[in-house]
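A.B. asks: In case you want the letters, here they are:
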Amino acid sequence: MSAEGTKALGAKLSGPGRALDSLPAALGLFALSVLAGLLTVARIAAEGMGASSVAPLLITLIAGTSALVRLAARDGWPGRIATPLLFGLLLLWAWEVVVTAFQVPRVLLPAPSAIADALGRSWPTLAADFRQTFVRSVIPGYAMGCGAGFLVAIAIDRSPFLQRGLLPLGSLVSAMPIVGIAPIMVMWFGFDWQSKAAVVVVMTFFPMLVNTLAGLAAAGSMERDLMRSYAAGYLQTLARLRLPNALPFIFNALKLNSTLALIGAIVAEFFGTPIVGMGFRISTEVARMNVDVVWATIAVAALAGSASYGLIALVERGTTFWHPSFRK
Amino acid sequence: MTAAAIPAATRRAVPRWLAEGRALPVAAVLAVLLVVWYAASVWLNEPQSREQLDRAGAPWTAADLVAHAWSMERPVLPAPHQIGVELYESVLNRPIDSRRSLVYHAQVTLSATLAGFAIGVALGILLAIGIVHLRTLDRSLMPWIIASQTIPILAIAPMVVVVLGNLGFTGLLPKAVISGYLSFFPVTIGMVKGLRSPDPLQLDLMRTYSADRAQVFAKLRWPAAVGFLFPSLKVAIALALVGAIVAELPTGAQAGLGARLLTGSYYGQTVQIWAALLMASFLAMLVVGAVGLAERAAVRLRGGRL
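Chains A and B, in that order, give the protein sequences.
Residues in the first sequence are numbered from 1 upward in steps of one, following this note's numbering.
Residues in the second sequence are numbered from 329 upward in steps of one, following this note's numbering.
No lab work stands behind these hints, which were simulated from the structure alone.
Since we're looking at a predicted model, the values are computed, not measured.
Incorrect hints may appear among the rest.
[Claimed, not checked] Here are the computed lysine-lysine pairs in the DSS-like style, where the Cα-Cα straight-line distance is at most 30 Å:
(1) B:Lys547 x B:Lys562
(2) A:Lys255 x B:Lys521
(3) B:Lys562 x A:Lys255
(4) B:Lys521 x B:Lys562
(5) B:Lys547 x B:Lys521
Using the sequences plus the hints, can you model the full thing?
C.D. replies: Next comes the structure, spelled out in structure tokens:
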């Protein structure tokens, strides 16, 4: 349905006047669609897809889409936060309704409620997996890889020759399927977290190197000349001018790497682990057809990934508030 | 170091393209890498070599040790020439349709990569067009598209393969779906940026011509976005290759570079793993290079600029 179509439908429902375009009305429609959605799910769970669930289903859809259109038209938190939130809820709801109404086999696609159930049921296992994969493999590997990339970038920054030699290779390596080194690292460092951390180190090193080098080159010649006229030494110029200027690039690499690190550790676990870890859980539970536990593991991984990304983005906001991309 | 700091003599001794181009530094870095690699391979293989030479009984010298370390059958780190020989053997000395030919495996992976890339690009461009034209879609979908990339997508690869397998889709399609999922993101982001890149003056001009949305799209937005499209495509095709390889890992795929990696790791065939890895890197260069060529062709069609 096009935006115009939805808008026309919304106008027809709200009758004459624009009273329903106010924020309370949009939020009311939001609440209405959530309530009707819950009712739909309860009905379908109780008696299957029948006449009694059609009305709440339609109400959810209509109230939901018109709330979406109204919220999206606003600035500030209703537009930026409530819209995606409602959209996500509607998506989850549609998933639940489709799976339960058409009785999709659990092996194919479990309903969100079943996944939440599995999450609660196997919480201790999932927590242990999280500790093994995220706390013991990802975080040390991420810290070492990013740290090494940063230090090497600073070291070769003084030599244009090394830069010209390493940058093309670095961008070449960035395009390569580095996860492929996972089996080699498992052979070298054994089944435990060390091999996973090693994969993460290699995966995060090059993005950090390339981005830091680009960032160090970002300071303009005018600013450098100014530092020179202050008789600032190499270290002073680095600390006061070039590193602050490089921060947006460095944060870019940090954000990119936070996802890469998790992927690297999980894929490395496909090649052999002790009997704990998210990658191990995914591969064994898929084989045992416990798809809801797999989805629960993925939910944990998704939460961990988004949370670390969000944390880095928050730190970025705090430290590079001066950058044009944050200006209003 | 600035140009003035280089002594005049060296500046004249080395031709300009060599002194200022990338060829010399890259070659130097590669040479250092090769030396380090040979040294590391001696260092890592030394304990095993020592043991095997001792077992053979005959007295041995340091040179024997090094030679042995560079020619082991299952080394911890194979020497570069061993990988070269394996690559040569499995690429050129085997019939192309044989299971032992790397070309065969590379072609399996490449077809999944290209299919996934096609899916990803189509999806990415469609999403971008929707997002640019519909505010509701922009506000509700865009945050989720970004969030979808903070999820370790590759982790669901085994499940996608299993689920689609249960539905009766095996072979190429599940791998292509994973590749497509990985590669749509850079295309969407790049295209949204590109489709929004025409400045307000140009949009106003289109308005004074009373152009409708389709015309603005065809005559202004799309041409402006093509310059943003190609860098995204390069990232996307590299990701599609990664997706195809990882999709071959978990399900015991019969063929493909990922399957080659997996069997190599089961049987401790390190040389085979490294050869597959090099082949994958070569494939990555090939596909990214192909996109680069397409970009050049597009530039030429437009008369020299994007």
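A.B. asks: For each hint, tell me whether it holds in the structure or not.
C.D. replies: Consistency of the hints with the structure:
{"no.": "1", "hint": "B:Lys547 x B:Lys562", "verdict": "holds, 25 Å"}
{"no.": "2", "hint": "A:Lys255 x B:Lys521", "verdict": "holds, 19 Å"}
{"no.": "3", "hint": "B:Lys562 x A:Lys255", "verdict": "holds, 20 Å"}
{"no.": "4", "hint": "B:Lys521 x B:Lys562", "verdict": "holds, 16 Å"}
{"no.": "5", "hint": "B:Lys547 x B:Lys521", "verdict": "holds, 17 Å"}
Comparing the model with each numbered hint stated earlier shows that all of them hold.
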